[in-house]
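Peer 1: Once you've looked at the hints, dock chain B against the given chain A.
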Amino acid sequence: MAYSDKVIDHYNNPRNVGQLDKSQSEVGTGLVGAPECGDVMRLQIRVNPETQVIEEAKFKTFGCGSAIASSSLATEWVKGKTVSEAMQIKNTDIVKELALPPVKIHCSVLAEDAIRAAIGDWKKKNGVTETAEATASVAH
Amino acid sequence: MSTVETTVKAPANVKLPIYMDDHATTQMDPRVLGAMMPYFSGKFGNAASRNHSFGWEAEQAVEHAREQVAKLIGATAKEIIFTSGATESNNLAIKGIAEMYRERGNHIITQVTEHKAVLDACKRLEKYGYRVTYLPVKADGLIDIEDLKRAMDDKTILVSIMFANNEIGVIQPIAEIGKLCRERNIIFHTDAVQAVGKIPVDVNAMNIDCLSLTGHKIYGPKGCGALYVRRRNPRVQISAQIDGGGHERGMRSGTLNVPGIVGLGQACEIAGQEMAAEAERLGKLRDKLKSKLESNLDYVHVNGSMEHRLPANLNVSFVYVEGESLLMGINDVAVSSGSACTSASLEPSYVLKALGLGDDVAHSSIRFGLGRFNTEAEVDYVADKVIDVVQKLRELSPLYEMVKEGIDISKIEWQAH
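Here the protein sequences line up with chains A and B, keeping their order.
Numbered per this note's numbering, the first sequence spans residues 1496 to 1635.
Numbered per this note's numbering, the second sequence spans residues 237 to 653.
Note that these hints are calculated values from the structure, not bench results.
Watch out, some of these pointers could steer you wrong.
Straight line, CA to CA, 16 Å or less: simulated EDC-like cross-link-like pairs of lysine to aspartate or glutamate [to be verified]:
#1 A:K1553 <-> B:E631
#2 B:K374 <-> B:E543
#3 B:K314 <-> B:E299
#4 A:K1553 <-> B:E637
#5 A:K1517 <-> B:E641
Keep in mind the model is a prediction, meaning the values are calculated, not measured.
Bound-form chain A, shown alone (with noise of 0.2 Å):
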């Protein structure tokens, strides 16, 4: 199977790679994915209490080149975004901008999924319910 320019860039630097302190509050944790599947994708953001801002974001994949690549650009789109415009990110832009074969679209999934759960992780940790994020994203 050939791969993309872009997965093969992703997968041969792959940004921001690392672990945050998952015991600071402000960092979200996402462990998604499953060991006999073949893909594990953990995700962390640190966020700003004050702006809501993704300010920085790690991630580690067990998986293929297109999972490592889904991963590695999962990080780089959500830094810099708010929690609520993190949501919005889906599979489907990823599969897009790494021009992902059937095949593989699955790996855009479980970086989708990593996003999410990184953010309810991060929500649960400061007690912030879905009525509150629902104002703060139309503040924004």
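Peer 2: Frame of chain A, contents of chain B only:
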């Protein structure tokens, strides 16, 4: 910034890309091609043409090849049936024996790590009312002879167990199986595609009644294989699966692929002459590859028995690194992975799963198949490159990080998607 891109460079004496996937197919030996060439043009006769020199010439070449193939496995020329390859040989043996011996019984025994050509032929027979026992394998990939004994009953007509496995290279106890089958008057077929020409095979010493082989695994041409069918003590009969002109003693109709057969014969002759030295050389290279990987990386898991194994096979899992991502990092080296991502089905290798490996370990497996044309310099380069890429991908692996931190990842409730 982290990077996966490898910095390991090939030395001048290593030409890229490197082929190390000899269980899939092999490069044709120039000596084989040389023997075949005249039969594509000048010597183009039909081996079944009995009344002119073109036909005689072709027939003579085919009969010479039949001798060459027979000699490699300790058979006689009349016991060799030429086919289009091992898939056809396996189908012909299994379906042809099942049909011929239907009145004697309807039970067939095989095992779970067989090639699909055997498993799917057996599955089709189940639809026609045959009973098939699929023996499990132990963690080392070998069947348990006691399981085989227990599975045999008075309706058992055929046992089909592969000689050596195409993924993990594990060699089954063929002589023991053959002895058991002979004692109970059960026909024994073996798919010996990976074994013939690589390790000694003797149909008489091992009590093999039927054996499948193919040219392209032994540096010969694709599209040409053979089925050995025992003629004496006991005589095995096979019902033809392709009807036509009655070629190959009525067992396989169709004009013979003369150049292919000549190539197969030549490949067998070379293999017979060079097998011992080649096995020793490749065994040493394989062991060097294994020891380099194991001494530079942790969590390297060898899949299948090392003791009962083809000399040129190595199948290892680099745990916590997904196989396809590793293949992507070593893209100038041709090897295979049991990872789901490399298969159309998105299922990891059924052979590795049969060993009782977790799917995660199966997803991390790489199969190296060394061959006649690989050099020590290539093995050194491949080992260095694999080590480099595995280390880099592990820096990216959340699982490796967790394990290093002492977290038991089997205790985590993963959300499968």
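Peer 1: Hint by hint, note whether the structure agrees.
Peer 2: Evaluation of the provided hints:
1. Taken as a hint, the A:K1553 and B:E631 pair is honoured in the structure, with Cα atoms around 13 Å apart against an allowance of 16 Å.
2. Distance check on the hinted pair: B:K374 and B:E543 sit about 14 Å apart at the alpha-carbon level, within 16 Å; holds.
3. Distance check on the hinted pair: B:K314 and B:E299 sit about 9 Å apart at the alpha-carbon level, within 16 Å; holds.
4. Using a Cα cut-off of 16 Å, the hinted pair A:K1553 and B:E637 holds, with the two alpha carbons roughly 14 Å apart.
5. Of the pairs offered as hints, the one joining A:K1517 and B:E641 holds, with about 14 Å between alpha carbons and a cut-off of 16 Å not exceeded.
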